[in-house]
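J.: Chains as they are written, first to last, in the numbering used here: chain A, 276 to 404; chain B, 58 to 374; chain C, 6 to 564.
Don't read these hints as lab results, they were simulated from the structure.
Keep in mind that a hint or two might mislead.
Claimed, not checked - Taking lysine-lysine pairs in the BS3-like style, the calculated list, with each CA pair at most 30 Å apart, reads:
#1 A/Lys356 <-> B/Lys122
#2 A/Lys384 <-> B/Lys63
#3 B/Lys255 <-> C/Lys441
#4 C/Lys87 <-> C/Lys108
#5 C/Lys281 <-> C/Lys327
#6 C/Lys521 <-> A/Lys394
#7 B/Lys161 <-> A/Lys356
#8 A/Lys384 <-> C/Lys475
#9 A/Lys349 <-> B/Lys122
#10 C/Lys502 <-> A/Lys349
#11 A/Lys394 <-> C/Lys450
#12 A/Lys356 <-> B/Lys62
#13 C/Lys491 <-> A/Lys379
#14 A/Lys356 <-> B/Lys69
As the structure is a prediction and not an experimental result, all values here were calculated from the model.
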Amino acid sequence: MEGIIRVLVAKPGLDGHDRGAKVIARALRDAGMEVIYTGLRQTPEQIVSAAIQEDVDVVAMSILSGAHNSIFPKVVGLLKKQGADDILIIGGGVIPNEDIPYLKEQGIKEIFTPGTTTKEIVEFIRGNI
Amino acid sequence: MDIEKKILEGDKRACARLITLLENGNEEGIQILKKLYPRSGNAYVIGVTGSPGSGKSTLTYKMVKELLKTGKKVGIIAIDPTSPFTGGAILGDRIRMNELSLEKNVFIRSMGTRGFLGGTSRATTSAMAALDIFGCDYIFIETVGVGQSEVEIVRLADTVLMVMVPNMGDDIQAIKAGILEIVDIFAINKSDLDGSDKTKLEIEMNLDLNREMDYRPPVLQVSASKNTNIDILIDEIFEHRKYQENTNILRDRRINNNKEEIIKLVEEELLKIIYNKAIEGDVLRELAHKVTNRETNLYDARDKIISLLIKNKKESF
Amino acid sequence: MFEENKLEKIRKSHKDWEENKVKKSVDKFPERSEKFTTSSDIDIKKVYTPEDIQDIDYLEDINFPGSYPYTRGVQPTMYRSKLWTMRQYAGFATAEESNKRYKYLLEQGQTGLSVAFDLPTQIGYDSDHDLSEGEVGKVGVAIDSLKDMEILFDGIPLDKVSTSMTINAPASILLAMYIVVGEKQGIPSDKLRGTIQNDILKEYIARGTYIYPPEPSMRLITNIFEYCSKEVPKWNTISISGYHIREAGSNAAQEIAFTLADGIAYVEAALEAGLKVDEFAPRLSFFFNSHNNLFEEVAKFRAARRLWARIMKERFYAKLDKSLQLKFHTQTAGSTLTAHQADNNIVRVAIQTLAAVLGGTQSLHTNSRDEALALPTEESVRIALKTQQIVGYESGVADTIDPLAGSYYVESLTDEIEKKAMEYIDKIDSLGGAPKAIEKGYIQKEIQNSAYQHQKQVESLETVIVGVNKFKVEENQNRELLKVDKEVQELQEGKLKKLKEERNNEKVKVLLSDLKEKAKTSENLMPFIIEAVKSYATLGEICDVLRDVFGEYEQRVIL
Chain A
276 MEGIIRVLVA
286 KPGLDGHDRG
296 AKVIARALRD
306 AGMEVIYTGL
316 RQTPEQIVSA
326 AIQEDVDVVA
336 MSILSGAHNS
346 IFPKVVGLLK
356 KQGADDILII
366 GGGVIPNEDI
376 PYLKEQGIKE
386 IFTPGTTTKE
396 IVEFIRGNI
Chain B
58 MDIEKKILEG
68 DKRACARLIT
78 LLENGNEEGI
88 QILKKLYPRS
98 GNAYVIGVTG
108 SPGSGKSTLT
118 YKMVKELLKT
128 GKKVGIIAID
138 PTSPFTGGAI
148 LGDRIRMNEL
158 SLEKNVFIRS
168 MGTRGFLGGT
178 SRATTSAMAA
188 LDIFGCDYIF
198 IETVGVGQSE
208 VEIVRLADTV
218 LMVMVPNMGD
228 DIQAIKAGIL
238 EIVDIFAINK
248 SDLDGSDKTK
258 LEIEMNLDLN
268 REMDYRPPVL
278 QVSASKNTNI
288 DILIDEIFEH
298 RKYQENTNIL
308 RDRRINNNKE
318 EIIKLVEEEL
328 LKIIYNKAIE
338 GDVLRELAHK
348 VTNRETNLYD
358 ARDKIISLLI
368 KNKKESF
Chain C
6 MFEENKLEKI
16 RKSHKDWEEN
26 KVKKSVDKFP
36 ERSEKFTTSS
46 DIDIKKVYTP
56 EDIQDIDYLE
66 DINFPGSYPY
76 TRGVQPTMYR
86 SKLWTMRQYA
96 GFATAEESNK
106 RYKYLLEQGQ
116 TGLSVAFDLP
126 TQIGYDSDHD
136 LSEGEVGKVG
146 VAIDSLKDME
156 ILFDGIPLDK
166 VSTSMTINAP
176 ASILLAMYIV
186 VGEKQGIPSD
196 KLRGTIQNDI
206 LKEYIARGTY
216 IYPPEPSMRL
226 ITNIFEYCSK
236 EVPKWNTISI
246 SGYHIREAGS
256 NAAQEIAFTL
266 ADGIAYVEAA
276 LEAGLKVDEF
286 APRLSFFFNS
296 HNNLFEEVAK
306 FRAARRLWAR
316 IMKERFYAKL
326 DKSLQLKFHT
336 QTAGSTLTAH
346 QADNNIVRVA
356 IQTLAAVLGG
366 TQSLHTNSRD
376 EALALPTEES
386 VRIALKTQQI
396 VGYESGVADT
406 IDPLAGSYYV
416 ESLTDEIEKK
426 AMEYIDKIDS
436 LGGAPKAIEK
446 GYIQKEIQNS
456 AYQHQKQVES
466 LETVIVGVNK
476 FKVEENQNRE
486 LLKVDKEVQE
496 LQEGKLKKLK
506 EERNNEKVKV
516 LLSDLKEKAK
526 TSENLMPFII
536 EAVKSYATLG
546 EICDVLRDVF
556 GEYEQRVIL
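Based on the sequences and whatever the hints tell you, model everything.
T.: As structure tokens, this is what we get:
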């Protein structure tokens, strides 16, 4: 039996806006994936711990508070430390274009800014696992 | 990664990987499980069932928190329904247990029911075995709350805990008799709400009517959100365990469970083989057409498909 | 409203028009879509006529501005006397920076202040807390203690401005700080004017900056109602919010339904706490979204006013006019603004401004064009402010009150939305009220479903977003954006250290301990919070004391 793609959708930091994360969680489910949604106020440690135990293929983080430059790389770093650098890491939210190169350097495979369709995200995941 | 070695060292990632392999029916994973199987059988399994909205996740979280005080290692398998249309699932039980994410002695795994061909049984029992080998002293299986798979999963447990909420009223009658008969402990959650005493009375009355029991299930009033009587609930689990161990019931129960498990695994495997055969060359679809056109009937169709399997076996001799 | 035989003539004519003229035209020019609907799924007809409003009674259902049920506005003269307050939400980085921005905005003609706090402040954490890492000063100003508050309003006379503070869970503490700052400026608390958002229910529903569980949170809210009714009588003690509910994905009818349902819950809580309705109701205020569909939005605002007036009169037996009047602040819809071709957002905001003004808002914040990218630059925020000024001074729409009244379309829509909203409110009542409905996840599920539906409509092009799913343009996004330095966090951490060295720590300890004891009783906590604030106890320290007593809210996510 083929494996089902497992995705961790996480809300790191104190940002409470979860409309996007929830819409994406639903879209991924509708695309046949198993989505583990962490809820709000996740620390990098909690995100990584969940990613490891759930053995996810993808970690998708949503953040609209501007704290992405410090939080995203932390998550990447912790995952690397645990030997889990085969996990696809993507992010989205309110992230200015000029921050994207830095984040990609740090290990985020792609950043999905406002206006991205759920289809694009599904296709990206399927094409990059 | 050397899963075999690492899982015995208590490496969480190795345990997680093994569960994934088994969930997918991966041959490598199955080989590892076969090899390490003798090391399992130590964990005590508690099945947590109850309708959606009864607060199962929060209650499980509080129970585990209580158990951690005794220094035990605990595994939690949280099951959510897979969409029959898309094959996907949103697994949200972990949210209620956020605080446990960082506990060294806790391992939480979310699983979808994955339905037909996915096999609830294989996935769940495999995950249980992996957690067992990993070193869990207790494993909580938190189920979806409705449906036939409910009864199946719960049969895997050593103790079955049913979570209810006050004012279930007619729902108690409506609950499949199958469930009520296999419950070992009743916990009325949100017991601070009106109607809690009435619900307890109703359950007790049902127990009076429906069963000859060697062990009458206790009916507890708890509150996960207010942390009421969680310690008593844990004590009752210990009590039930002690009772079952002292009377050898536990061993018989597990033998019975494993018997059912073996049959279910055989069923799933056979079904998979037959289904694959039937899909090959569109046999199944053609038969369905013929039945609808009354060119053949359901029973002959059944026999035709079974003959495919047997033919296969015959050919292999 | 109309004579029966005149109506009959119109009906006949209408039928004739449809069957002949329209049919001919549609054969040549088919309609753009099979169905036209508003966000609330209300069918939009080809044309509206007197038939659509025949059952409306002008004096009973619409009446004059400032007269029950206030459909046309809560004041008799509305913008003819005074334009709405132009109140731009602002705040970022340190109190010093924000103070500069406030002075700039006041110079540019803004008529009221609106304070944005950073997430650690909103959730009751000091800037040096673990969870504040990376968040300090990012979405608003960092306020760790009274000292920061003093800097924030340095040189701004609190008797000359009204200040709105977007703060919820720790609202009591920020209000206490504001009162003390006023005191230090020599201004008695009964002269202070402003608002605190203080709406915890919507935090559980849509916004996420909660701290404590529902019960103690309601206690803090009613404490504030009571305290202000005596000590800060000009203060709006709550801004019952629909903005965030709409941003989270609800439609227009749901926006006002869920907001008014929350309002009902607050009124009931205050009554239960022993207050009399006319004692606190005049100081309740609301906060709505101003979205894309111009006419639906105007109808929405009118429906909200009428609905609330009826609820306060018939359900709560309020007697004072001011208790029945729904006054509200509006913000243009952030979620409609795009990251692509961001200058187009200026146009979107202009239309949304028009909707809010035609809808009779008391105050307005207009979003800046870079909303989807970062906090606004000075230039962007200036354009947003000018948008309001242009609508107010150049367009003429403010020169008569409720100009869309009597429009067959708008009056019909107003009725429809009121009806739909009432259905939701009835449903919530049947679940036991807003707090119970939130616990059961009913409101959240409705919002999520609307949000998902909207996304699907966008992806299927049923809903067009210019520049995003239609009329796309390749563009080089090189625009200047506001950046908040990491240094802000270090600065604040330094300030905290200094503060704790310089203040009287013994006094702080005693006052915090007092507060803890009082929190366990049912006494009004405001005086004790004020004392703690005066001694320069930090926001985090005060919130932690309350955390010890009240516990923390455990999130429930129903997807």
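J.: Indicate, hint by hint, whether the structure satisfies it.
T.: Verification of the supplied hints:
| no. | hint | result |
| --- | --- | --- |
| 1 | A/Lys356 <-> B/Lys122 | 28 Å, holds |
| 2 | A/Lys384 <-> B/Lys63 | 29 Å, holds |
| 3 | B/Lys255 <-> C/Lys441 | 21 Å, holds |
| 4 | C/Lys87 <-> C/Lys108 | 22 Å, holds |
| 5 | C/Lys281 <-> C/Lys327 | 14 Å, holds |
| 6 | C/Lys521 <-> A/Lys394 | 52 Å, violated |
| 7 | B/Lys161 <-> A/Lys356 | 17 Å, holds |
| 8 | A/Lys384 <-> C/Lys475 | 27 Å, holds |
| 9 | A/Lys349 <-> B/Lys122 | 28 Å, holds |
| 10 | C/Lys502 <-> A/Lys349 | 26 Å, holds |
| 11 | A/Lys394 <-> C/Lys450 | 23 Å, holds |
| 12 | A/Lys356 <-> B/Lys62 | 19 Å, holds |
| 13 | C/Lys491 <-> A/Lys379 | 20 Å, holds |
| 14 | A/Lys356 <-> B/Lys69 | 14 Å, holds |
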